[in-house]
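**Student:** So for the sequence shown, full-length UniProt numbering puts the first residue at 1; every next one is plus one.
Among the hints, a few may not be true.
[Claimed, not checked] Using C-beta positions, here's what the derived DEER-type ranges look like:
(1) G85 with T154: 20 to 30 Å
(2) G12 with E223: 24 to 34 Å
(3) G229 with D47: 20 to 30 Å
Calculated from the structure, these hints are not laboratory results. None of these values were measured; they are calculated from a predicted model. Quick reminder that beta carbons are idealized off the backbone N, C-alpha and C, glycines included.
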Amino acid sequence: MAEKNNLFDLTGRSALVTGAAGGIGSAVAEALAAAGAAVLVTDVDGDAAAVVAERISQNGGKADSAALDVRDRAAADAAAARAAGFTEGVLHILVNNAGVTDPAMFAETSTESFQRIHDIHVLGAFTCSQAALPFLATDGTGRIINVTSSAGITGTLGQVNYSAAKAGIIGLTKSLARELARKNILVNALAPLAATPMTETIRTNEKFAATMLNRIPLRRWAEPAEVAGAFVFLATDASSFVTGQVLPVDGGMVM
């Protein structure tokens, strides 16, 4: 791994971010680009991903976009190759961020809903990680950063499907970290809590919102840009001896 004067400099490195059309995903894509990385912005909504990539370009960064359903292995293979094309066939950073929710109490949760949430979160992260692996740098700069949630650590009411999927992401992260350490590829997960379209239902429900805020020592939700810095940390040389970890970025909620 080439030493840099600035541990947070990603110049000369490439990144692929899934679910990056908005919320945390777009904030992460923009933060990685601001640190110098060339970023492939992907989302199942390809048009929305293109808007984010264009915004990055207008702000002086390097980015492209692609439509990507993370469950589609052929599409994931193509996206990984395209992102690696930024840097002569080597991919440095994969951020598995794509996710959805479908809240319901356990008795009302359908098999179809449980399977869909699992497939997008766990199968999606597995698929994209496996697609990226042949391209990932093995000089100490290769990173896989998965997005989990406090729901996967503590469980949460009315989201057994989501909680189980996010717990699965934690298991995937730790197993990959052990296996890929021999290739000098670091694998970590973040459990962020931010004001995004995905959390809007909770934030706009007076009862749920009050309960959540009482659980957060900082008594507020983060903006997406506030959690993006933690992704930059895990993507850069500043985290060169960090692997297999789950970092909550949640205002102290699960401490």
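**Student:** Looking at the structure, which of the earlier hints fail to hold?
**Tutor:** 1
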